[in-house]
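Q: Spelled out, the chains give:
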Amino acid sequence: AQSVTQLDSHVSVSEGTPVLLRCNYSSSYSPSLFWYVQHPNKGLQLLLKYTSAATLVKGINGFEAEFKKSETSFHLTKPSAHMSDAAEYFCVVSSNQAGTALIFGKGTTLSVSS
Amino acid sequence: EAQVTQNPRYLITVTGKKLTVTCSQNMNHEYMSWYRQDPGLGLRQIYYSMNVEVTDKGDVPEGYKVSRKEKRNFPLILESPSPNQTSLYFCASRSTGGKGQPQHFGDGTRLSIL
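Sequences listed follow chains A and B, in order.
Per the working numbering, the first sequence starts with residue 6, numbered consecutively.
Per the working numbering, the second sequence starts with residue 1373, numbered consecutively.
Please keep in mind that the hints were generated in silico from the structure rather than gathered at the bench.
It should be emphasised that the depicted structure is a prediction, and the values quoted were computed from it without experimental measurement.
Be aware that one or more of the hints could be misleading.
Stated by the list, open to error - Keeping only pairs whose Cα atoms sit at most 35 Å apart, straight-line, the calculated DSBU-like set for lysine-lysine is:
#1 B:LYS1429 to B:LYS1443
#2 A:LYS111 to B:LYS1437
#3 B:LYS1429 to A:LYS74
#4 B:LYS1441 to A:LYS54
#5 A:LYS63 to B:LYS1429
#6 A:LYS47 to B:LYS1437
#7 B:LYS1389 to A:LYS63
#8 A:LYS74 to B:LYS1390
#9 A:LYS74 to B:LYS1389
#10 B:LYS1443 to A:LYS47
#11 B:LYS1389 to A:LYS73
#12 A:LYS63 to A:LYS47
#13 B:LYS1429 to B:LYS1389
#14 A:LYS54 to B:LYS1389
#15 B:LYS1443 to A:LYS63
#16 A:LYS74 to B:LYS1437
#17 A:LYS73 to B:LYS1441
#18 A:LYS54 to B:LYS1443
What the hints assert, rightly or not - So the derived label-pair ranges between C-beta atoms look like this:
#19 B:ILE1384 to A:MET88: 46 to 52 Å
#20 A:ALA6 to B:GLY1435: 20 to 26 Å
#21 A:ALA58 to B:ASP1428: 39 to 45 Å
#22 B:GLU1442 to A:ASN101: 24 to 30 Å
#23 B:SER1467 to A:PRO23: 44 to 50 Å
#24 A:GLU20 to B:PRO1411: 24 to 30 Å
#25 A:SER33 to B:ASN1445: 33 to 39 Å
#26 B:LYS1443 to A:PRO23: 31 to 37 Å
#27 A:THR22 to B:ILE1384: 37 to 43 Å
#28 B:LEU1413 to A:GLN50: 37 to 43 Å
C-beta atoms are modelled at their ideal positions from N, C-alpha and C, and glycine is treated no differently.
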């Protein structure tokens, strides 16, 4: 069965410093992996996705993630945090080959201080 | 603008009073899905539909019904709501193409069942 573990429920950074949100996954086949962001009172917005092409994936707003099969990880990074990055972030894996469902991690709340 | 639209955005109601949450997408997507989001549990799938007249259960279908009579609409029906269905609900859609296609989410519907 597929599963996702976000290793930190809450991450706090200062504006201008790097962001690292950690995600490990388990999958019995070659996975599709996603990072979504949720701002308060809004839906989920896709940041980036990995679908077995390049292992370093670039997304919107300066975010990127690296797929590491040997470590079963898909960590999200950004070189310099902005105040507007404060939100909840979800690491997500597709549940099966047909993509009939997404399996969500529990989420990481990112706080950014000035 | 490509979007998934849910209505209502907020609803407070009482136990046993039937309600329907509507979901509509304008992207001509075949696949649609409903999720609920609860604190500490992330998002869990309720039902999904691969196309018109084709629906299937997700992880937490008890107490919910869906229908897919038109491609653009996928309403969620609570025939006899109970307090444990108090939650934040999201509708999502994606095109065909399997597990690599990202899902597009609505802004959510917050239901409170008293």
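Q: Each hint: holds or not?
A: Comparing the hints with the structure gives:
For the proposed pair LYS1429 of chain B and LYS1443 of chain B, the alpha carbon gap of about 18 Å is at most 35 Å, so the pair holds. Restraint check: the Cα-Cα separation between LYS111 of chain A and LYS1437 of chain B comes to about 25 Å, which is no more than 35 Å; the hinted pair holds. Between LYS1429 of chain B and LYS74 of chain A the alpha-carbon distance is near 31 Å, which keeps this suggested pair within the 35 Å criterion. The hinted pair formed by LYS1441 of chain B and LYS54 of chain A meets the criterion: a straight-line CA distance of about 31 Å does not exceed 35 Å.
Distance hint between LYS63 of chain A and LYS1429 of chain B is fulfilled; the C-alpha atoms sit about 34 Å from each other, no more than 35 Å. The straight-line distance between the Cα atoms of LYS47 of chain A and LYS1437 of chain B is roughly 24 Å, inside the 35 Å bound, and the hint therefore holds. In summary, the hint linking LYS1389 of chain B to LYS63 of chain A is not supported, as the alpha carbons are separated by about 47 Å, beyond the 35 Å threshold. The suggested pairing of LYS74 of chain A with LYS1390 of chain B is violated, with an alpha-carbon distance near 47 Å, which exceeds 35 Å.
For a cut-off of 35 Å, the pair hint linking LYS74 of chain A to LYS1389 of chain B is broken: about 49 Å separates their Cα positions. For the hint pairing LYS1443 of chain B with LYS47 of chain A, the CA-to-CA distance comes to about 24 Å; that is within 35 Å, so the pair holds. A C-alpha spacing of about 49 Å is found between LYS1389 of chain B and LYS73 of chain A, which places the hinted pair above 35 Å, so the restraint is violated. Taken as a hint, the LYS63 of chain A and LYS47 of chain A pair is honoured in the structure, with Cα atoms around 23 Å apart against an allowance of 35 Å.
Only pairs whose Cα atoms come within 35 Å are accepted, and LYS1429 of chain B paired with LYS1389 of chain B is accepted, the gap being roughly 23 Å. Annotation: proposed proximity of LYS54 of chain A to LYS1389 of chain B is violated, straight-line Cα distance about 40 Å (limit 35 Å). Pair hint LYS1443 of chain B plus LYS63 of chain A holds up; C-alpha atoms about 32 Å apart against a cutoff of 35 Å. Of the pairs offered as hints, the one joining LYS74 of chain A and LYS1437 of chain B is violated, with about 39 Å between alpha carbons and a cut-off of 35 Å exceeded.
Only pairs whose Cα atoms come within 35 Å are accepted, and LYS73 of chain A paired with LYS1441 of chain B is rejected, the gap being roughly 42 Å. Using a Cα cut-off of 35 Å, the hinted pair LYS54 of chain A and LYS1443 of chain B holds, with the two alpha carbons roughly 26 Å apart. The given range of 46 to 52 Å is broken by ILE1384 of chain B and MET88 of chain A, whose C-beta atoms sit roughly 33 Å from each other. Taking 20 to 26 Å as the suggested C-beta distance range, the pair ALA6 of chain A and GLY1435 of chain B conforms, at roughly 24 Å.
Between ALA58 of chain A and ASP1428 of chain B the C-beta distance comes to about 29 Å, which lies outside the given range of 39 to 45 Å. In this structure the hint that GLU1442 of chain B and ASN101 of chain A lie 24 to 30 Å apart at CB holds, the actual value being about 26 Å. Judged by the Cβ atoms, the range 44 to 50 Å given for SER1467 of chain B and PRO23 of chain A is violated: they are separated by roughly 34 Å. Against the hinted window of 24 to 30 Å, the Cβ-Cβ separation of GLU20 of chain A and PRO1411 of chain B comes to about 27 Å, which satisfies the hint.
A C-beta distance of roughly 34 Å is found between SER33 of chain A and ASN1445 of chain B, which places it inside the suggested range of 33 to 39 Å. In this structure the hint that LYS1443 of chain B and PRO23 of chain A lie 31 to 37 Å apart at CB is violated, the actual value being about 44 Å. Distance hint check for THR22 of chain A and ILE1384 of chain B: the Cβ-Cβ separation is about 41 Å, which falls inside the suggested range of 37 to 43 Å. Evaluation of the 37 to 43 Å hint for LEU1413 of chain B and GLN50 of chain A yields a failure: the beta carbon distance comes to about 20 Å.
Violated hints, in rising order: 7, 8, 9, 11, 14, 16, 17, 19, 21, 23, 26, 28; the structure is consistent with all others.
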